[in-house]
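Chains as they are written, first to last, in this note's numbering: chain A, 56 to 166; chain B, -10 to 104.
No lab work stands behind these hints, which were simulated from the structure alone.
Beta carbons: idealized from backbone N, C-alpha and C, even for Gly.
Careful, some of the hints might be misleading.
Pair by pair, the computed Cβ-Cβ distance ranges are [claimed, not checked]: (1) B:R(-2) <-> A:K56: 32 to 40 Å; (2) A:G150 <-> B:G5: 32 to 40 Å; (3) A:S65 <-> B:T(-6): 27 to 35 Å.
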Amino acid sequence: KNQVEQSPQSLIILEGKNCTLQCNYTVSPFSNLRWYKQDTGRGPVSLTIMTFSENTKSNGRYTATLDADTKQSSLHITASQLSDSASYICVVHGGYNKLIFGAGTRLAVHP
Amino acid sequence: KAGVTQTPRYLIKTRGQQVTLSCSPISGHRSVSWYQQTPGQGLQFLFEYFSETQRNKGNFPGRFSGRQFSNSRSEMNVSTLELGDSALYLCASSLAEITGTYEQYFGPGTRLTVT
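When you get a sec, could you build the whole thing from the sequences and use the hints?
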C-alpha cells in the first residue's frame, strides 16, 4: 500500500534550537519527494523537491535529506525562529495518479 | 507577479446542493491541481489539469469534477454535497505537470462548509 508516514506528529522547541522531522514512505515507483510548510489558514509553500539521485538539498535554514534505499527523508531546521511555527508536510510523487501526502508534523517554536 | 487566486474564499452550502470553485493560476503556468484538506484526512489530491486535459486523478468519487479553460483558469465542481465534503479546497499551479519537478504554488484555498 502506498503510504507516507511522518514523525513526530507534533513538536515543541525553543527558539534558536535545531530540530529534525522524519518522513518514511512506501510509495512505488518513486518520482520525487517534496517538503512543504503550511502556516495556519494558508496554502502550503514549497521548501524542497528531491529526486531519486539527490541526497541533500538546502533552502536557507531548511535542509532535506533523502535515502532512496531505505525510503526515508528528513527535514532539518537550523536555528529555529518563531516564524517556523507551522505544519510541515512530506509529499511523495509516485508517477501518474499517485500523489501521496503525509499527515504532517505540527511544529511550535516557543520564545 | 500575481500569485494563485481562488474564489470564493468562504462558502456555505446545504447538503444536496452543488458548488463550483474557481482557481486562477500564476501567469504562464499551464498546470492546475486541486486538493482537499480536512483535519481527519489531511491533504488529498483530487486531480490535475494541464493544457485543458485532466492528466492525473486521485481517488475521489465522480461527484468531484473539474475543467480547465484555454487561459489555464480552472474550476472544480462538487455535486450532491455531503457533510463530509466540508473542507479547505486548495489549488496549485505549476509550469508543467506535477509528475515533474517544477515548483507548485498554492492558492489560499476556499473554505467550504456543508450544513
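- Beta-carbon spacing of R(-2) (chain B) to K56 (chain A) - inside the hinted bounds 32 to 40 Å or not: holds, 35 Å
- Cβ separation of G150 (chain A) and G5 (chain B), checked against the hinted range 32 to 40 Å: Because 36 Å falls inside the window, the suggested range holds.
- Look at the Cβ atoms of S65 (chain A) and T(-6) (chain B) and judge whether their distance stays inside 27 to 35 Å. Roughly 31 Å apart at Cβ, these two residues keep to the hinted range, so it holds.
Of the hints listed earlier, there is not a single one the structure fails to meet.
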